[in-house]
Amino acid sequence: MQRSVSTIQPPSPSAPSSGPEPSSPLRIADYRKFWLARFAVVFASTGMVVIIGYQLYDVARTDYGMSIAEASFQLGLLGFAQFLPIFLLTPVAGVIADRFDRRKVAGLAMAVDILVAIGLALVTELDLRSLPVLYVFAALHGIARVFVSPSMTAIAPNIVPTSLIPRAIAFNSIAIEAGTIIGPAAFGFLFARHHATPYWIAAALMAVAAFSITSIRNLPPVPKDARRDHPIRQIVDGFHFIWRERFLLGCITLDLFAVLLGGATALMPVFARDILHVGPEGLGQMRAATAAGAAIVALWLSFRPLAKNVGVKMLLSVAAYGAMTVGFGLSRSFVVSLGFLAMLGAADMISVFIRSSLVQLRTPDDKRGRVSAISGLAISASNELGEMQSGVAAALLGATGAVVFGGGAAIVITAIWAWSFPEIRRARTFAPRWEHET
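Under my numbering, the very last position in the sequence shown is 1098; numbers go up by exactly one each time.
Honestly, the hints are just simulated from the structure, not real lab data. Every residue gets a Cβ at the ideal spot worked out from N, C-alpha and C, and that includes glycine. Among the hints, erroneous ones may be present.
Said to hold, decoys possible - Per label pair, the in silico range of CB-to-CB distance: (1) Phe760 x Phe849: 36 to 42 Å; (2) Val896 x Phe760: 16 to 22 Å; (3) His854 x Leu976: 41 to 47 Å; (4) Trp960 x Ser1080: 29 to 35 Å; (5) Asp723 x Val896: 41 to 47 Å.
With the sequences and hints as input, model every part of the structure.
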């Protein structure tokens, strides 16, 4: 068979190179600031999303007298309300991240999210909650997130040496999963005692994140020619880059469709309130269990990053994600459900680590903002739009049927992608160049 070699060039190291190379990303002061910002913003954001979802479901059931199926559909609409601004603005956010100082872009977006958190706190304190109000704030939160994500993702490779990027991604994942563990659990606990407190804490955490990210010093200046091309041309160029590289295209779309169909997150309020009967505190623990499984794997990967057969491992991890989703949907024991969610998170973490490492290592720095934005769009589509799909499926099949169907669909998607993208199966390492059969 004829073989061809990808023409992707490895990104040039942009971290300071004077003196001996540090043995760990955590030995770099700017990376520690970045890590703190990442942790704080995820803590606040994931906690807010959980509380907004629970409030919306509770308002739909209590104030509007909706049935479980009708209120579940409202959760699907909530996912759509968060996804719509992400879908519309992600390409723009990626271009902005490549044209302007990424620290300032992220910091300004965090400032907007501070105002969103304060607004939600006041609405809750004054008991002004309603479905339209919660939808509006969810959309504003989505707008802020869409500008934070690509800017922060593109900063990390600029402050660590190229050789440390896989370990930095693993540490990034620890920050994300730690925030995802603590945020929902802490906010669920606080919400049960005083409904507005989680939002005030979210505003404070966003302020910490904004200060940390804007205080990073050793970031390369924006290239003089970064604004040479028209923004629309730059958006198209980012999509063309991913379309040309089938390996990256396959990795990103596999995660997109598997999680889009297999995600059970949107229906957790239904399981917490009406199936497992554990309330808002149990909901926080369920979200935390998923993150705990992911965090354990991320910690392991930060010291022992995957190096061989990365493509097959990613396919197996996505299939395992689907299987654990099915198990969660069928479980009626809270403890067993937490176990399935923890294993689900562990499997998802492996997939996320592999995909993120490939995207960062195989993307030139002048395209990182746009490619990170497109990758983030796929993640957001799988999460927020997946919540809408889950809500619609729950209205048709019931919560249990929707989750079981979604998990089975994720397994089927994995098999289809393994056949459609043989480049994934044959991938061996994260090297910036790879060979694949054609």
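Here's how the hints hold up against the structure:
1. Separation of Phe760 from Phe849 is about 39 Å and conforms to the stated range, judged on CB atoms against 36 to 42 Å.
2. The hint said 16 to 22 Å for the Cβ distance between Val896 and Phe760, and at roughly 19 Å that hint holds.
3. Restraint check, His854 to Leu976: a C-beta distance of roughly 44 Å satisfies the suggested window 41 to 47 Å.
4. For the hinted restraint 29 to 35 Å between Trp960 and Ser1080, the CB-CB distance of approximately 30 Å keeps it satisfied.
5. Checking the proposed 41 to 47 Å range against Asp723 and Val896 shows it holds: the Cβ atoms sit about 46 Å from each other.
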